[in-house]
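Peer 1: The residues making up each chain are set out below.
2 protein chains.
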Amino acid sequence: MDPRQLVNALEWRYATKRFDPSKKIPNHVWEALEGALVLTPTSYGLQPYKFIVMTDAERRAELLSHSWNQPQVVECSHYVVFTARTKLSETDVDRWIQRLSEVRGVPAESLTAYRGMMVGDIVHGSRGKSAHEWATRQAYIALGNLMTSAAVLEIDACPMEGIVPPEYDRVIGLLNSGYTTVVACALGYRAADDKYAKIPKARFIASDLIHKI
Amino acid sequence: MDPRQLVNALEWRYATKRFDPSKKIPNHVWEALEGALVLTPTSYGLQPYKFIVMTDAERRAELLSHSWNQPQVVECSHYVVFTARTKLSETDVDRWIQRLSEVRGVPAESLTAYRGMMVGDIVHGSRGKSAHEWATRQAYIALGNLMTSAAVLEIDACPMEGIVPPEYDRVIGLLNSGYTTVVACALGYRAADDKYAKIPKARFIASDLIHKI
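These protein sequence lines map, in sequence, to chains X and G.
Under the numbering used here, think of the first position of the first sequence as 342, with each following residue one higher.
Under the numbering used here, think of the first position of the second sequence as 342, with each following residue one higher.
So here's chain X without its partners, still in its complex pose (with noise of 0.2 Å):
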């Protein structure tokens, strides 16, 4: 892609408030926004966390109270909530190591070294007591993967901090499961009359937030 190019899909995106509930995502395109985020890259590559995509109107309309009655959960095409591991445990670590062993076809026993620094951090270890912060950023970079993803292919999006999880757990039936809901997104196509498509995009100038070293 053209620097450019990235920069006018940037532009062009904003947290579109108004969806327009007649327009779909085409599978082929949803299939690839899909793959996007199975292919986040993550800290030892733990992938601490699942996504919910929900097309259902019913189970959406359920949530719609516990977000803050913002219209984009039910009037998007895709309402993605994005959730992150409680807790971490040797049976993660465990389950990462099988599944590397098998795409990498080599004995788990050759990654034992791997295996203990993971353990030694993530769940021992300094990062063990914030386990779920720490998975919760995890989630937070396939937010941003999403976001940004979604742009170059011109599929609006919203972020969704606005939300009630403990409700959205009980609604989506994670209690209990070892994963609790972080953050949302909505996506889909921009509404012809969401008047936040017309308005200035401001971020701080560049020289306050790049400093260059």
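These aren't lab readings, by the way, just hints derived from the structure by calculation.
For clarity, every value in this text was computed on a predicted model and none was experimentally measured.
Note that identical chains are pooled: a pair holds if it fits in a single copy or bridges any two copies.
Capping the alpha-carbon separation at 30 Å, the derived lysine-lysine pairs in DSSO-like fashion look like this:
#1 K391 - K470
#2 K358 - K391
#3 K365 - K539
#4 K358 - K553
#5 K364 - K542
#6 K428 - K470
#7 K358 - K428
#8 K428 - K553
#9 K391 - K553
#10 K553 - K364
#11 K470 - K358
#12 K391 - K365
#13 K539 - K391
Following the hints, position chain G against chain X.
Peer 2: What follows is chain G alone, placed relative to chain X:
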């Protein structure tokens, strides 16, 4: 961008361990990546972070021992340190209101309700207690955005969580600045002999990561 091209770009990328130190990202490409960083979407638009872009060889060498001696720190073309606000104050919110008022050409007074909502949430409200963590999550959106942006521009990248933030703060001069290091990212071009480039990419299978409702 074609959906297939996006997935190809994300398949192509990997956590680059060895960069070719002789290859530098051209200015016009780097400017687009800085543009992407600036355009990162954040909650309320508050952008509670700063990005430190390091090209100076000596300063980067100082970080090496605080980065598990990972050679990416010194071998990459551009090294970005992500910092997040240590806490959020009414001054932060006012700075944002001021900027919004400027860009939108409306009086700051017209944004009083919006200001109140932010202050009641992120300064004095429930999120105020964990404002640094909230700010860190926003920085991770920027990290995800930057890595995906780099991939579509065919720039290699490696996210760096294996760093010692207090030592980074000291080397960079962030002590008492109100910002603290949270993560970093090396960018540039993979070395021809980086063996990690050839290892099959491993992720959990899609149906283990994505649940559809």
